[in-house]
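Q: In case you want the letters, here they are:
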Amino acid sequence: MSDITTNTTTAGEGEAGFGDYVALMKPRVMSLVVFTALVGLLVAPGGIDPMIGFTAILFIAIGAGASGALNMWYDADIDAVMKRTAKRPVPAGKVLPGEALSLGMWLSAISVAMLALATNLVAAGLLAFTIFFYAVIYTMWLKRLTPQNIVIGGAAGAFPPMIGWAAVTGGVSIEAVLMFGLIFMWTPPHFWALALFMKGDYHKAKVPMLTVTHGRPETRRHILVYTVLLVPVALGVGFTSIGGPVYMATALVLNAIFLKGAWDIWKRNEEDAEADGYAVEKRVFRFSLYYLFLHFGALLAQAALAAYGIGGW
Amino acid sequence: MAITQTHELHKRRLGRNIGVALCLVAFIGIVFGLTIAKIRQGSTMEAFDHTPRVSVTPPVEVTE
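Here the protein sequences come in this chain order: A and D.
In this text, residue positions in the first sequence follow our numbering: the first is 1, and each later residue adds one.
In this text, residue positions in the second sequence follow our numbering: the first is 1001, and each later residue adds one.
Isolated chain A, as found in the complex:
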């Protein structure tokens, strides 16, 4: 009789569906990676064979997914505590931690090797560094150590357009660095706006978010400072070879709105925010998503127009 009991109680463990493995790769983060890497690849001078370009984007995305799986393996204890992440495959018990680690490691190796074969060693090296940076430097080391974790983690998310650029050109230039800078500087205000209205979660998980360690007024000040620092980077892209009037006009409007939003967040106190259910913080967070999407969309539009001999400087 104990046989039957044993079989029924362990039947579901480690028997994940295919979708659970896909969820392990953070598909929503991957979509942002695909978009920014694609823009980096398309605006780079020289052009690339469509099949090679497709392969490059695919393996950049898989590399990002691999680092997501490694992150979920290591952070399962934190994820289980936070409401937002409790249903992720590892804390939910659908995927075993060892499986997540193994998937992350294998996909990392495959994506870097395939990117090297499809494009060049610079792009593959950058992808390998990105995975290492996100999984080891951010996830294992600094996330639980410093309230600047978001700033550091943002660097990992900022690499894809640079990798896309390197896949075509075989190197890194000022344009690639500024595209990196755009995402890098955008990440802190974006996440801190979220942290302001997602109260409690990080506190429970003992993750040193700025809102927990330095308080909410300080977080509001940080949002404003980082947004002010973001503006010259965003406008700076417009003065390079990939910029032009379309990008510049878009960037001017978007940065003015984002600055106004950051100013509004800074001017508010907790009582005002509580009173209207964090309406301004939520509005700025939503806008920040459009902000990044439209900047890279404008770069793409600029490149498309340049192909017809119009638009560039």
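For the record, the hints were derived by calculation from the structure and aren't laboratory data.
Check the hints yourself; a few may be wrong.
Facing chain D, a subset of chain A residues (Cβ under 10 Å, in silico) [said to hold, decoys possible]:
(1) Gly19
(2) Asp20
(3) Asp49
(4) Ile110
(5) Ala118
(6) Val122
(7) Ala275
(8) Leu292
(9) Phe293
(10) Ala304
(11) Leu305
(12) Tyr308
In this text, a Cβ means the ideal position worked out from N, Cα and C, and glycines have one as well.
Based on the hints, put chain D in the right spot on chain A.
A: Coordinates of chain D only, in the frame set by chain A:
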């Protein structure tokens, strides 16, 4: 007696197996497509093969 009942677990396993199979087929397709793309844009495909051949040896100036 044959086991005929399909448990939810079997469905999950089937889904996973089909998913992995499709990934492998896609991977083969990508490697094949990549190979074709590389060959199409490839530069010199002929290289030194221990035997001097006219096509790979440097041209010699003809002097009268």
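Q: Would you pick out the hints that fail for this structure and give their numbers low to high?
A: As far as the earlier hints go, 6, 7, 8, 9, 10, 11, 12 are violated by this structure, in ascending order.
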